[in-house]
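Asker: Start from the sequences, fold in the hints, and give me the full structure.
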Amino acid sequence: MSQVNYLNHDKSIKSWLFTLDHKRIGIMYLVAVSLSFLAGGILALLVRTELLGPGETIMSADTYNQSFTLHAVLMIFAFIIPAIPAVMGNFVLPIQLGAKDVAFPRINLASFYIYLAGAAIALTALVVGRVDGGWTFYTPYSTSVDDGILFITAGVFVMGFSSILTGLNFIVTIHKMRAPGLTWNRLPLFIWSIYATSIVQVLATPVIGITMVLLFLERLLGIGIFDPALGGDPVLFQHFFWFYSHPAVYIMILPAFGIISDLMGTFSRQQVSGYKFVALSSVAIAFLGFLVWGHHMFVSGQSALSSIIFSLITYLIGIPTGVKVINWVQTMYKGSVWLQTPMLYALMFLFTFSIGGFTGIMLGVLAVDVHLHDTYFVVAHFHYVMMGGNVIAALGGLHYWWPKMTGKMFNETLGRIAAALVFIGFNVTFFPQFILGTRGMPRRYYDYLPEFTNLHVLSSVGSYILGVGLFLILGYLLHSLFRGKKAGSNPWGALTLEWTHTTTPPDPHNFHETPIVTRGPYDYHLAPELFGGDGAAGDGHEEEAEVTVPRGQATS
Amino acid sequence: MSHAEHHITPIKTLVQVIVALFALTILTVATSRLDLGAFDVLVALAIALTKGALVVSVFMALKYDNKVNAVVFGIGALFVIVFLAFTLFDTAFRGDLSNTTEGTIMEQKAAEEALQQREPDPAALQFNRSNE
Amino acid sequence: MASTAEHPVHLQHHFVSSDQQFDASKMGMWLFLITEILLFSGMFVTYTVYRVWYPEVFDGMAVLLDWRLGGLNTLVLLASSFTVALGIHYAQVDNKKGLVTNLILTFLFACVFLVVKYFEYSAKIEHGIVLGDGFAPHGVSHGVDYATYDVMFAQQFFSIYYVMTGIHGFHVLVGMGLFAWITIRAMKGHFTSAYYTPVELCGLYWHLVDIIWIFLFPLLYLI
Amino acid sequence: MGENGFWLPEASTTLAGEVDALFWFVFWVSTVIFAAVVLAKLYFVVKYRRRSEKDVTTPVHESKALEAIWIVVPTILVLIVFTWGFDLFVQLNSAPPDSYQITVRGKQWTWEYEYAEGVLTAGDLYVPVGRPVKLNMSSADVLHSFFVPEFRIKQDVLPNRYTSVWFKAENVGEHTIYCTEYCGTAHSGMLGKVVVVSEEDFAAWIQEQNQDLPPTELGQQVYKTQCAVCHAIDGSRKIGPPLNVFYGTERVFSDGSSTTADDSYIRNSILNPSSQVVEGYAPAMPPFSALSAQQVDGLVAYIKSLE
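Chains as they are written, first to last, in the working numbering: chain G, 66 to 621; chain S, 34 to 165; chain Z, 4 to 226; chain C, 294 to 600.
It cannot be assumed that every hint is accurate.
Unchecked claim - If we take Cβ atoms under 7 Å as the criterion, some of the chain Z residues that face chain S in the derived model are:
| no. | residue |
| --- | --- |
| 1 | W33 |
| 2 | L34 |
| 3 | I37 |
| 4 | I40 |
| 5 | T77 |
| 6 | F85 |
| 7 | A88 |
| 8 | Q95 |
| 9 | M155 |
| 10 | F218 |
| 11 | L225 |
| 12 | I226 |
If you're looking for bench data, these hints aren't it; they were derived computationally from the structure.
Every residue gets a Cβ at the ideal spot worked out from N, C-alpha and C, and that includes glycine.
Answerer: Right under this line is the structure:
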């Protein structure tokens, strides 16, 4: 007879749909964002297939334009922004804090349904009209072309609400719900990064809200604020858009930093190098991220003064980010590096994200950006940061917490094969795009000059390899649900509370008794017996009894 | 009782604040009737900021509240300023290097039309901000 | 873990104490308020940019907004803020009657605000000063020839006016819903000095709505 | 692949080479640091790989000096890069006062040029070599962006506002102009050429443009610059229908009506395209109301002459 956990204590559909349990909400988010990723991914493959040759390959120009727009809108607003915070943040954060739930469970559930509603409204655009203009919605094209924009803007507005509520919930939870002994200096770095992310979500998202309202009114009524035909200013729209969308890049990448920090610590069995720096720089990056949006606008017609200020501040962000990468590498120094699948993704992240970072520095150089702006170089840079950063880290996190979420181990061999396919496929897809971009291939092009054909074909082939890798992951993860080996409570020998103080899968209320924290999240030297936990270990409670450090003033 | 330490603002303080707010409202209307030139905006903003500060600190009791809430509010206000200031770095300095005209094409057209009509429409001329 | 017997009714299971729950709710509310501030900041930025570009238009157009009505509404909203603050004071000292009276007063002030707003809007819409494409000032009333206000960028000014006051008005409407709800709960005696969180949170929201108007009034009507 | 290997195309203006130098500086510094990080990573993975489940690790005391180096050195590097990029950016944006000025208009989906000598053309931009040229640009509809990779210049083109870009071409030759701001269905077809010619050839070209052409030739010229993005003349389907097959035949429209394609049909299609959208095509064509009467007549004559 298996222990009671959050999955089996009540199996009715209703108990899922109306659950207030952060873990179940996390799982529902996981299903929803995975479907968005699947849809967005299929669109990406269609786009790459169209680009196999110049001219029409499989679709018309209008279909192509809609495909890349929808790919971006789905991937950004429906997948990548909620991916790590709403899935893994929801599942892991309260347990890592030693809390029974997030501060506002009902708001948490509401944010999920608001997200679904937003996605549904945005997709209605497909039925009503066209989804055209790219995810940036630059006016006046976006407001002049089709009524589809009304639904897209409304959808993004609504999804923004969901994002705000998630962020707000997490900030309060982190401030007010930490277990006794869990000081700010003992917070796992994943928490720190989610904290920074949440700040950005709360501060930036309202601005995309008002931007979408104004865009909506511009299209519906012609209010003339962004429409040059009425005397409005399209560049002002870009300021509004990027005031959100640049910080939004940090909504996407900061949680990835958190996962990587946790993975590097756990699988190196070593304290994360420069813990305080890594923790505080996440928050610093979150704030500085608001001061650089204009680096998307160097050739937009904004003032040169603006461009210069934005360029300078952009570098200020580059430095802490770079130091973080060095810290992660340094974490392995004198460690015991265990190359399990999650760690493979962490190492992969260090490679791909570094390329994304360095190319970001290149794009921040004013004069060089003039040449590279809006070319495939930007497309490649963006994907190296978003996919090579966020998605790779999310895959690492998913593999890392999969046993905790489901109670099952995935097939390690298939995991490694898939990781290799993803790594090869990703780089073959996007690296050629850097070269395409420097040679002058503009982005969002349906057709291209014959001289670019070879690199485009290479890129498309890479995307198929990547697709195979991702489908393989989907396959073995689903398979593990039914046939997977039972996971022990702490298969990776990690030190954070979700591994040491609760069962696998976790109890409906997370803990039988409130944990008391007496050490840092990566103090492996204080718990040498933890490492090398067996995937098939038995009931969590017995193991916990062995491994928990003595609780001085235990609860009574 | 755990709520004993919650700050209770005395009614007297509340009354003082609302009287001040009413007075400031009348003051801002009064000063706007005078022509203070460029100071119009500054005076109006200063009064509005004072009123806002009174509401936040006393009515919303931020003065007596947990510090973290004050920090939250401060950060919110700070980022409004960031948004405004950085946008103005652009909009107030357009065309600073490229030597293209500062005004928009529409403004120039309107000015040209007004000139051609020979019977200058004062409004159109007034709103023409092109270089000449 | 404390036994359930010590748990007051309002305390949710995942909180350890009433204080923790109260502090969490309040911090959540403050965070929500700054999202509101940033939402409005977009409009304030638009206002500033266009005001810097077309100061004459903004000066000229403000004449069409009646500062008497705007000023009246300012006083009404300030008064409503005062009654909310009083209401919270009475909740803290367990004076149910004082609480209910002040909540009802707040609701009524909100009604007055919207009625005044309605008259302002309809007076403009009547003369073709509308939001968007239909903008075409015409007609004469009170010695004002509206047609002379059909100048370039006037549409931007009124778009900003309508969107700002419209979104603000929407918040007032939401606030009225909230106050209707907590007034009923207060009448049923749900709130005591030990638990009045919903009153406190609605109050915070309402003060913010007030503060936004404190800024809207001089920017749109006076300068 | 040119002198730069496969990363960058040929550099054809006075400033392009300087931009490239900066590009290569950042490129190589980044590559060296990146390689060092990756090598360190691989070394650690191998050196400190897990030997057994019982591995014991001890915390490493971080070296403050090392941490300081990692902050100070990159800061110095990026400040160099910033200053360098700033200086070049100012140069890229400051046209010499004696520049030859051309007015450029972007519209869906072509570029139009107006020369000081009164010449109006579209598609290809003729410029003299060795002389600074300043383009004053605006858009007739949505945002566009003027990009010539070999010149390392790019500038968004906005409606209701002028932006500008300048260059001084060093060699005679032809380079592609791209639109890099998404502008709708035929965004990727909004191409043109910068044709850099000698001063004498340029003067001669201006002369030639001012001469009258027979209608069919004029029409052909207009076709190449304005219509070829969307309409083929070999019977194949592009964004719009081909132009060589329909004259004199019955046209069926998407609203179900039909008419015989004659001169006035062509004329109407050019000036008011959305009134008669041929069945099976998207209503993507904007009205070409900026064409002169002669140009429209020329087009009609040219389309009639096609087979």
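Asker: I'd like to know which numbered hints this structure contradicts. Please list them from smallest to largest.
Answerer: Going through the list in order, the structure violates no hint and respects every one.
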